[in-house]
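Colleague: Chain by chain, the residues:
There are 2 protein chains.
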Amino acid sequence: MRICVLGGDGYCGWATALHLSNRGHQVAIVDNFLRRQWDHEIGAQTLTPIRPLADRLRVWRELTGRTIESFVGDVTDYEFLASTIEEFRPDTVVHFAEQRAAPYSMIDRKHAVFTQVNNVVGTLNLLFAIQELVPDCHLVKLGTMGEYGTPNIDIEEGYIRIQHNGRADVLPFPKQPGSFYHLSKVHDSHNIMFACKIWGLRATDLNQGVVYGTVTDEVAMDEALINRFDYDSIFGTVLNRFCTQAASGHPLTVYGKGGQTRGFLDIRDTVRCIEIACQNPAARGECRVFNQFTEQFSVLDLANMVKTAAGDMGLPVMIQHQPTPRVEAEEHYYNAKHAKLIDLGLRPHYLSDSLLDSLMNIAIRYQDRIDMSVFQPQVEWRKSRNQTRAASSAAAASVSEDALLTRGDH
Amino acid sequence: MRICVLGGDGYCGWATALHLSNRGHQVAIVDNFLRRQWDHEIGAQTLTPIRPLADRLRVWRELTGRTIESFVGDVTDYEFLASTIEEFRPDTVVHFAEQRAAPYSMIDRKHAVFTQVNNVVGTLNLLFAIQELVPDCHLVKLGTMGEYGTPNIDIEEGYIRIQHNGRADVLPFPKQPGSFYHLSKVHDSHNIMFACKIWGLRATDLNQGVVYGTVTDEVAMDEALINRFDYDSIFGTVLNRFCTQAASGHPLTVYGKGGQTRGFLDIRDTVRCIEIACQNPAARGECRVFNQFTEQFSVLDLANMVKTAAGDMGLPVMIQHQPTPRVEAEEHYYNAKHAKLIDLGLRPHYLSDSLLDSLMNIAIRYQDRIDMSVFQPQVEWRKSRNQTRAASSAAAASVSEDALLTRGDH
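Those protein sequences? They're chains A and B, same order as listed. Letter 306 of the first sequence, counting from 1, is numbered 306 in this note's numbering, and no numbers are missing. Letter 351 of the second sequence, counting from 1, is numbered 761 in this note's numbering, and no numbers are missing.
It should be emphasised that the hints constitute simulated quantities derived from the structure, not laboratory data.
Here are some chain A residues pointing at chain B (derived, C-beta under 10 angstroms): (1) Lys110; (2) Ile160; (3) Gly166; (4) Phe173; (5) Ser179; (6) Phe180; (7) Lys197; (8) Arg382.
Below, simulated BS3-like cross-link-like pairs (lysine-lysine); rule was C-alpha separation at most 27 angstroms, straight line: (9) Lys257/A with Lys607/B; (10) Lys197/A with Lys520/B; (11) Lys607/B with Lys747/B; (12) Lys750/B with Lys607/B; (13) Lys197/A with Lys667/B; (14) Lys383/A with Lys257/A; (15) Lys197/A with Lys793/B; (16) Lys307/A with Lys257/A; (17) Lys337/A with Lys197/A; (18) Lys747/B with Lys667/B; (19) Lys337/A with Lys257/A; (20) Lys110/A with Lys383/A; (21) Lys607/B with Lys383/A; (22) Lys667/B with Lys717/B; (23) Lys520/B with Lys793/B; (24) Lys110/A with Lys607/B; (25) Lys520/B with Lys110/A; (26) Lys667/B with Lys793/B.
Every residue gets a Cβ at the ideal spot worked out from N, C-alpha and C, and that includes glycine.
Construct the complete structure from the given sequences, taking the supplied hints into account.
Modeller: Structure (structure tokens):
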């Protein structure tokens, strides 16, 4: 199968591209390296020393004999995107090419507007490119469990049957996203559903939970293939932060009571879920939604698990509660369905088994690179203008603003 | 009360600005005249000969002694919008300043992207401007009944109580919008709801039905104040098309079976609904949704009403069915609630009473200006590239594309 991975130089995208290539698919990566640029903007970097894409692909070819093509450009530039799709002619497009950090979208107006324009226009462009050039192509789009928010009822997979005043219908599950980023994914979902309806496109919208882990079978083949491990307060995820905090003797910083419950999955399951979605395409006209996670945890659950694991390794760890910078319920009902990928063959990896290997060991191995100053949150939801670390340098801020302004213009 | 009317040179905006001014409010109009530019782009014009805004405002001042300020610029330009809000310091902002035609948004990729970027960025900018400059200001935002689509259950006003697996919650009503334009309004609604939650803004989202009529008390004062009457297939509404068709001896063109049922209201009720919303602001942190229409009709109902009214005036009329250019159900359940504005004091005008005065008589009075070539639909939902009339001139098309490309860049 010919598969385009948009955003294939990023965290999930890189692991996915390698996995699909290893399974014998013809893979192309499309990326503009914006994710690497954001590291410079916010003054943080991945704990793991990742290599430039060209190096990564060269090593992959040398190790496996498999070639992954790369197309360098921006999906909000329609001419670029259309020429890429026309040249590669994918059977499936896996779309990770979005700004994916809630705190980044909440920095200020420019970052909110950038996130929504970048994500919505990229996805609109992709829908038009598929319709005009490869209408039978299957779109596998990454959404997020965060689209649903935390309703007081069970969360279904995309659609819910509602009985009301003696009538019934199956309707899109109501969305209550919690950041301008999560909102952008809700906008995408509505746009994709509509394009499937009017043009008969086929799409799978994967509402993914929080992904953890660094090591997949392919990444483990060589140090040069190592994946990102983000632990800063803007792009990092909570588990990565806890593990680097434990590895550096810093207390684990839990926002509020820590009752915030979310769906999580191992990156080894991310790549497998994508493969399953590709192998089982949606029908023409179908916009299918899968909830892509394997386990639910509260933030306090995670802190306790990391504390125990670190203790077993001889690392004493404290848990420190601090006010949440977000506007979110600190305690709430949460029960999200996630049966469809299991039904299609997913065999989950569980956090209890991978916590040491893929998280604590990585954090310890690269502990010299830990920058403790990036642990503290810099972005508060209740403020419409936040100062990020890098913005303290006026020159850096002005560069990043100019970069933002030239985006989404295509 | 100090009220900013964004989009105050457009159809609903103009009637609203005059009405609020007449009621003694301090009114400012903010507009960039894009609506007038689109007439040139698509090669159509309002049936009624509207005057430039400066003329309109001068006549209004001479007739009533009341001054409406005007600020000329684009709400997607944050510097302009913020300086306007800062200078005028509104108590209420009424936001009509969006691209509001479904067919326009469905012309091709550029028009879809433009519509969503223009509408979403304008509204995001406004939310940030209110939060940063006038956080107590009440946002009155025009949404559309088209956000809901045509579900097989009763449509509630913005939110619905859902019982599911033994639990219950009140959640945003699921949306199934039917064009890239309607989608943009759904995106706005989600963004507004979130801003109210995190910043404690106050907002009223008015999901308006199809507005008909030209004459309000204020517009009727002088020919120079006359409002738009759009009957072309892109910006025109179905009632206006039927009335101009009847006035020019053209058959009434009903798309498909004509069972498409929607909510409708007289423009005299639009201006009154806006006034009611302004006078009864939402609470801090509240995102209130009102369904703003007074009667439901199917397209075939409307055709028959126009046929009868025209017959009474001695105009014989035929009804002609033709394939719908949209992707929509031609027969469906439709029962939308609309109690909240009535509860706050709205006394509806009914179509049966205004059909002759405000629609047929206007169509006949300006029948020399009717261009029958704009009746036929030019935009098909199932095609991702449509040729509009004006695009047949390469030069005109290239100008309009350049104009589009420079939008949403601020």
